[in-house]
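Asker: Line order of the protein sequences matches chains A and B. If you're matching positions, the first sequence starts at 1 in the working numbering and goes up one per residue. If you're matching positions, the second sequence starts at 1001 in the working numbering and goes up one per residue.
In case anyone wonders, no lab produced these hints; they're calculated from the structure. Mixed in with the good hints, there may be bad ones.
Simulated DEER-style distance windows between Cβ atoms [what the hints assert, rightly or not]: (1) A:Lys153 <-> B:Lys1323: 52 to 60 Å; (2) B:Lys1100 <-> A:Asp264: 24 to 32 Å; (3) B:Leu1259 <-> A:Asn282: 55 to 63 Å; (4) B:Asn1094 <-> A:Lys119: 37 to 45 Å; (5) B:Leu1259 <-> A:His275: 25 to 33 Å; (6) A:Glu278 <-> B:Lys1034: 36 to 44 Å; (7) B:Asn1094 <-> A:Ile2: 39 to 47 Å; (8) A:Glu147 <-> B:Gln1098: 53 to 61 Å; (9) B:Tyr1106 <-> A:Asn182: 21 to 29 Å; (10) A:Asn41 <-> B:Leu1259: 44 to 52 Å; (11) B:Asp1326 <-> A:His275: 33 to 41 Å; (12) B:Thr1254 <-> A:Lys296: 51 to 59 Å; (13) B:Asp1236 <-> A:Asp264: 49 to 57 Å.
Everything numeric in this text was worked out from a predicted model, so none of it was measured. Ideal placement from N, C-alpha and C gives every residue a C-beta, glycine not left out.
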Amino acid sequence: MIVGLPKGLLFHQYEKFITEFLKVLQIDYIISKDTNKDILNLGVKYCVDEACLPIKIFHGHVASIKDRCDLVIVPRIVSVHEKEFICPKFNGLPEMILHNIPNMPAITTKPLYLYSEKKTLAWLEDFGSMLNKNKNQVREAYIRGKEIYDRQKLGYNDKRYRRRVLLVGHPYNIDDIYMNMNIKKKLNDLGVGVMTHHYVRDKDKQKEVDKLYKRPFWTFARHTYGSCVYLGRTQQVDGIIYLSSFNCGIDSIFIQLIKNELKDFPLLVVKIDEHTGEAGLNTRLEAYTDMLERKKKNGSNFPASREHLYSM
Amino acid sequence: MVVTFPHLGNTYIACKIMFDSLGIDYVIPPLSNKEALRIGAFHSPDEICLPFKIMIGNYIQSIEKGADTVIIVGSCGPCRLGEYCELQMSVLKNLGYQVKFIVVDYPGEIGIKELASRIGYISNQSHKKKIEKLRALYRAVKAIRLMDYIEQSARMIAGYEINRGECKRLLLQCRDRVFNESDPSKALKILKSYKAKLSKIPIDKKRKPLKIAIVGEIYTNIESFANHFIEDTLMDYGIATYKSLSPSWWLKYTGLKVLKLHAVRARLAAKQYLKYEVGAYAKETVGEAVLAYERGYDGIIHLLPVGCMPEIVSKSILTSIAKEKDIPIMTLLFDEMTGEAGYLTRIEAFIDLLERRRRDHVLSWR
């Protein structure tokens, strides 16, 4: 039996765990290629038009490996934190895959609650039974996988650069370098270091989130909002770049809330969609870094808006 | 305190009856209109869904008429409705409006005490006795059930009526008269009289009109302005339409959710396609579509606002249902564009397709 691992959505977060898990169980697996034009095209072909880019790309990954494996892992990750969700589309992901892509091999459909070890194990045991592995084997593989998972450090925290920005957005937008046109490298080349929310303490994020009227129920939105507002308020970074996929329901709310909170702080919202032309992004990033430099030169009491362009 | 609330289909009739009985000052926003949508779209973030924009328009139009307190319902995800209150507060605050929000939220999230205190805040504004407050609530529930019943049956009977347009005229007249009546008990009487009138409309039972079921996202289903009055259009074509979603359906659903007995039939029907909760009412959408097939409807129209997250999932599933059950399903997406022609053309084409399918006994519709 060969297990297929689509390299989309939260794969990069849990890659270390799932590959180790399958290795310990001595199961063969294939991983789809890094996102490329063909995968994007496949995704656009199969997925419903209204879905967002990450979901389409996930469809593409699944479609690219479906004929070469017997079981595809399509995780229905309902939540990674108690009483919180990721996105409604995650809750219906297996159904979207099954109904959009014809001739699918078997897939995993059980809901996955990653915040509790017990529930995660239950999912893995169910998954193990599809691979003819018993509970003890699964448990052992889980422990080995978790060891490696816990050791990994996610996110970036560049130093040694003149300017530093916080790069936020859903993890799959930041991790997939095809989708975001390797924005990190582009920024580094412009002399801007990149930091992600992983390097902001949970305590500091929570303090900002608690000021909201209502507790946000989307995990990534909570991280994003907390880190943006905290770092923006304390001016620990020069600017914030928000990577958002077009038509993302969660970002549509939180970008506005962050804007309202930070007012003049330099915030660049980059929307990503199926377009693959890079010139537009390059120009915007260059203009943005120019603006950061200008702001530094003129003092922080200059708002980062256009009116001051000619005053220097 | 002057209360206001966003529009959602016929709820304004029930709310009016309730606040009239309680003796609380209220402003009903002008029925959702293009100006409200324009205001809302102007002040809201670009990519937010349509209901949010119309609601902002509703608020601002009532604030201009003197409202200072907004009542809305909340939820706890995963759909965006749960975050509406947060963002709406900040939008209105940035515009310089001083309004208080009362969010009637899910008690599991904010605690029963907090919910009671929020509702208590509203009911303390009324100087009526407790028993009269309960009666006000009872009247409101009764009114919304009657109104929804009248609307639902008028839309269905429209396919069978002998005098074209009678049902529609009756429905509009009924809404108008109830709305202009400020005495709650008289308003209820009017509703009852229209229910009786409706059953006396001459119908031709032998006629076999096209029957279309409407499913989809709850706001675009219930608030006719959001769906460009699609049901009225269908009524004009002499088509019997059925839509299960209505404010009274929502009340029943929310009440029974505690016992996990909400929308049992639809959820059971959905089971073979969608086993788990996706959020909002996606599961019910799928269930209703299957039920519509089982009840012998000719076609299904699926409504959603652009970018609605749960309904994107159900849309994927509906394509499979259409294929497997061989029933035509048309999806209509709505955003702040108000052009009618595109929708009309599509609806007419869909009706033509259904008619041709029936006349020629065409089995496949693809």
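Asker: Work down the list of hints and note, for each, if the structure agrees.
Answerer: We went through each hint and held it up to the structure:
no. : hint                               : in the structure
1   : A:Lys153 <-> B:Lys1323: 52 to 60 Å : violated, 47 Å
2   : B:Lys1100 <-> A:Asp264: 24 to 32 Å : holds, 29 Å
3   : B:Leu1259 <-> A:Asn282: 55 to 63 Å : holds, 58 Å
4   : B:Asn1094 <-> A:Lys119: 37 to 45 Å : holds, 41 Å
5   : B:Leu1259 <-> A:His275: 25 to 33 Å : violated, 49 Å
6   : A:Glu278 <-> B:Lys1034: 36 to 44 Å : holds, 40 Å
7   : B:Asn1094 <-> A:Ile2: 39 to 47 Å   : violated, 55 Å
8   : A:Glu147 <-> B:Gln1098: 53 to 61 Å : holds, 56 Å
9   : B:Tyr1106 <-> A:Asn182: 21 to 29 Å : violated, 42 Å
10  : A:Asn41 <-> B:Leu1259: 44 to 52 Å  : holds, 48 Å
11  : B:Asp1326 <-> A:His275: 33 to 41 Å : holds, 37 Å
12  : B:Thr1254 <-> A:Lys296: 51 to 59 Å : holds, 54 Å
13  : B:Asp1236 <-> A:Asp264: 49 to 57 Å : holds, 53 Å
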